[in-house]
Amino acid sequence: MSLTRRRFLGWMGAAGAGTLVGRQAEAAANVHFTGYPDSFAVLHDITLCVGCRSCEAACNTVNELPPPNRPFKDLTVLDQHRRTTSKTYTVVNRFQPASQAPKSIFVKKQCNHCLEPACASACFVRAFKKSPEGAVTYDPTVCVGCRYCMVACPFEIPAYEYEKALDPKVMKCTMCHPRVKNGQLPGCVQACPKEALTFGKRKDILNIARERIHKYPQRYIDHIYGESEMGGTSWLYLSSVPFSQIGMREDLGTTPAPELTSGALGAVPIVVGLWPVLLTGIYAITQRKEKVSAEEQRLAVSQAVEHARQSAELDMVRAMEKAEKDKETAIKQAVKKAMDEAVKAQQEVKA
Amino acid sequence: MSDEKSLSVNKALTPFNMVAGIILLIGMVITILRFTGGLAAVSNLTDDNPWGIWIGFDLLCGVALAAGGYVTSAAVYIFGLKRYHSAVRPAILTGFLGYALVVFALHYDVGRPWRLPYPFIVQQGTTSLLFEVGACVALYLTVLFIEFTPAVMEWLGLKRARTIVVRLTMLLTIFGVVLSTLHQSSLGALYLIAPSKLHPLWYSTYLPVYFFVSSIIAGLSMVLFESTLSHHYFSHKMDKTHLAEADNVTLGFGKAASLVLAGYFTIKIIGIAIADNWHYLTTGYGAWFLLELLGFVALPCLMYAVGVRDRNVKLIRWTAGWTILGIVLNRLNISLIAFNWQLPSSQRYVPHWMEIMVSVFIVTIGILIFRFIVTRMPIMYEHPDYHSH
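Those protein sequences? They're chains A and B, same order as listed.
Just so we're aligned: the first sequence equals residues 1 to 351 in the numbering used here.
Just so we're aligned: the second sequence equals residues 1001 to 1389 in the numbering used here.
If you're looking for bench data, these hints aren't it; they were derived computationally from the structure.
You can trust all of the hints, since none of them are fake.
In silico DSS-like pairs for lysine-lysine, Cα to Cα no more than 25 angstroms straight-line: (1) B/LYS1082 / A/LYS291; (2) B/LYS1237 / B/LYS1159; (3) B/LYS1314 / B/LYS1082; (4) A/LYS129 / B/LYS1197; (5) B/LYS1314 / B/LYS1240; (6) A/LYS289 / B/LYS1255; (7) A/LYS169 / B/LYS1197; (8) B/LYS1197 / A/LYS87; (9) A/LYS181 / A/LYS201; (10) A/LYS337 / A/LYS325; (11) A/LYS289 / B/LYS1082.
Pulled out of the complex, with its shape left as it was, chain B reads as follows (with noise of 0.2 angstroms):
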């Protein structure tokens, strides 16, 4: 009896595991001290630079990386790619999580979080852009759960609930299409209003479309990143459908993750030419600004293609994660780097090791409940009660 109990406690107690459980407890102190401290303790967020990556990285690029969720279900559902589907669950539940823990850290960054529901309950101020972004978060993270309830059903043998979700599949689709288009789009037109802030090269008209539209390509990379991953830590819980699948969707989703970035290089163009930013390119911004337009998007567009076209599934899932880092430095450009970039040095923002830990500790939060979740609930393998819908 003791031996299985101190072979359980063995099992459990796995490097990630241990690794898993300081971050969290380092995060519970941290938290501690922001909400008895204020922002002042934890962060080096100044009257200068209001948003540090509190918002650079856990909203605006945990947004455009859960984006896999309407993505993939767009492509499924509305365009009929039926032979995708073994990826639609985990794309949803990434997507859910995704957008539940930013949520969960805007609780951080914001002075008061208790008053999050304001903008709704109290006072609508309808001509900002956060407002827009707020309500449409809001509504989505709803459908996301709606839309990830099948499977909590499933796994709890609620057969009657589960049948009325999985009807509002198609409705529940266009919706989370329609709110995803407006809340990537508004997270880009944020900064609409900060002409004067943002470096040129980075600041555009077209601020939203290129946020949706990197959007798309955050979410077919994610979901092919994520496939991966899963892959490789969690490939005895699928079953033959998603393993048969798998390089089907790779490739697929590679080919379109490569038109997409074609067409994002292309609009990114038009943007320069347009504002004829043409001699920002001699610059250090200007370098940096090219660093990330031909380094990830133009190299990632021709690794997908090449990646296609070879049926190279490796050189794929690589472009995936190089995509990703690409998404993840464009929104810090816009957010952190290219972002006062007339101020002095001297009043420039760099990340206080606590504000990193507070994303570290979010980022693995949502990869324990993503690992409580795939280990219980049918995932990435079908019900054998249930076939699909």
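Bound conformation, chain A alone (with noise of 0.2 angstroms):
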């Protein structure tokens, strides 16, 4: 098989329909978004959290999930230190820092509502969005069931449906989006008694969190956990001690999730477009080479060839000279013999 101007040409067209294919994906790969402008956020003030669990009672009937194994009634489940789970979209944990014996310090944890999703950004299928208002909402309609989501999310958040056969889906805290959209609170907000949820825009939210910090800075450490969390998120909280020792991770850093992989989805049109270039010079180059060593060869070949004719064609000469030689010399001496036979047979006739 050899390389034709024509077959070249047609495998850089296959190359350059390659690229096209790439290109989405770059494109996704350097949009830099900061968050929808008049989206909403909630402020968790964890130092007026008293534990009531409230909040999560009120998510329960709201979002009509399955009744809890224990009633919200019972406090001492606040010390498991539970994680959301398909049935719970809400938890309350208590927390006892050293710092702060013998004061415990509640935790509410629910979706964070980021401003660039890890979810969204990991779904193969697009079920989540971040909506206008802020919630990052599902979609169980095209959900396949990766749980890619689950692995993505920093915060450990959504939950899935392991129990069903046919039908599971991600179960996550909604932000309440479809009462929002209705112009009501999220149900753990509107039920809060302490006040310990406040509702939003998230500029008037950052705005009430910086006041009272400022106001209380005995109160508050000097961070609203979520401002900047992985790129922002839409859930905002306030704390007494660090957050690191009320199970909030601090070591997430700022980066966006989809910028973490923008680097990777941009070099899809990078090896689509180089990697076929490249290969077929390879194979030009081998092909060449090949055919380079087989002429060489059949010159070596045709020279040898050539070679032996010729000393083949000398030797041929010569043997002929020295037959001719040796015929002569036959020929002489067979003359010779003869004439000294007469010679001898006319001695004899004389004698």
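Make the complex out of the two chains shown on their own, each in a separate frame, by following the hints.
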């Protein structure tokens, strides 16, 4: 198989078509999104939470989740350091940091509704969407159930209905998106008796949080959790102790999740564009090398044959010459012999 | 007549076949449990550990170990190493079966397997690395299938169809290398989104590069390993060319594997240096990491090199097996062992025995299909009616 111009052009055409496929990924890799301007957010002032679990109960009712194993009035579960599950979108846990002993600190946990959600970036059917209102919503009608969203979420929020055989779904807090769109408050915010939860525009919520820190510097540590964690979230937290002491990770960084994979996605068109060219080039070089070596071999063979022919010819000429000489000598000898015999015969006759 | 029948029954009842039969039976029972009781009925997967060995072993290891197809066909058709030609068909077959089984295994893992085509036909999540993996695996499975069809067509005597496919060899090979580069690397890139969950010694922005380079190592080693087994069990199916080229293939692939392992070792070290992760090496996870890096990368690199220098085919074959273990260890480290390393041990994942059985079940199916094909189709010998292309 040799590389004709036509074939080469054909391959280049295929490579070009491949690059077009890759373009979408590259575009996605370069988008920088800073959050919807008028989106909503919730401020969880951890210092105000008393661990009554009213928010848990309200969440359960509003989202029509199955009844819990133990009633919401049972406060002993607070010590279990629970996580969200497919049956509970939000949980409150109790912490007792050494610096605050014997005081308990209660922390509510639910989906943080990232500005640039890891789950949405990871989903290969776009089942997750960041809505302009701030909620990260989930569409169970397209979900394949690969659970990559759960791998991707840095806050370990999405849960899965493992016990369902035919229609398992990913379950997580919806920030009460349908209620918010109707002008209502999220269930948990409405239920909180201590105003530990405040709902509003994210801009305003951030200002409220800053103001509280400014007004009560002794009460709060100077950090609004969620302002920039993983690129920022729609749930924001204020605390009196470092967040790492109350089960919230402080090592997540400020890079939005999609940026973590944008480099790898950006490499797609490069691979698709460069590999075929490079590989075709290598193939062409190998082919040429083989052709050259075949040519060289042919040349060497023909040279050897020529050489052999010439030397054979020379041998032939020599042999012929020798044969001629031999023949002459033989004739001479025969003639001489005949002469000798003739002379002998004459002498015998004379005698 | 009845004597003949009982003879053939006796012949089928080899210990291997009986064990395989039992595994298939158990596998089918678990399959029923899985699709009636959900994932909870057969697995230890939890909300903290959404991916178990069906992803860590079946998907990550399966795809890496099926890399022999693209590595061998690239070596022979693109880099012109024609003396390894007899290795191409077994490698393509192993690759094709490997990928087919990976896709099969995914049907157990994902919640609604009948929706697997959704990312292509309903909504495309192009920002997801998993989309890239899915698209490339689907396309590459097709490529491998086409690359494999000449053997089937020779078996069935479809000469004209075979000629058409053989003409496409070069295009398919290039397409295969592009697709393999993309999905092998993006399997590693899947974990780029979870820096907070994967231990820093394994997490690296180079993960895609590591996965791609180690897939070449896995591919080369799998060709060696698979040929060792085939020589043991199917040598009667091999023709003179195959047998004569076998040692050449072993030496050549061993040499290549040694070189690529050396490169892989270097970039792993560079990865630690760039992230300045040296201090983790003195921890428990550091010891585990060093075991992987020294015992399963540096050591096989050296053993391959010694094997090639001494023309010691046996050593090379043993090293191939060792290297494959190393690849499996690496993939399991990233997906399970060093993943969620910060969680308390009570929340960590240990596979359920039924999860392991499903993986064994799938590997067994692969071996049975491989045996069915090589005992019937021209894989390890050239069909007398066709000369090599």
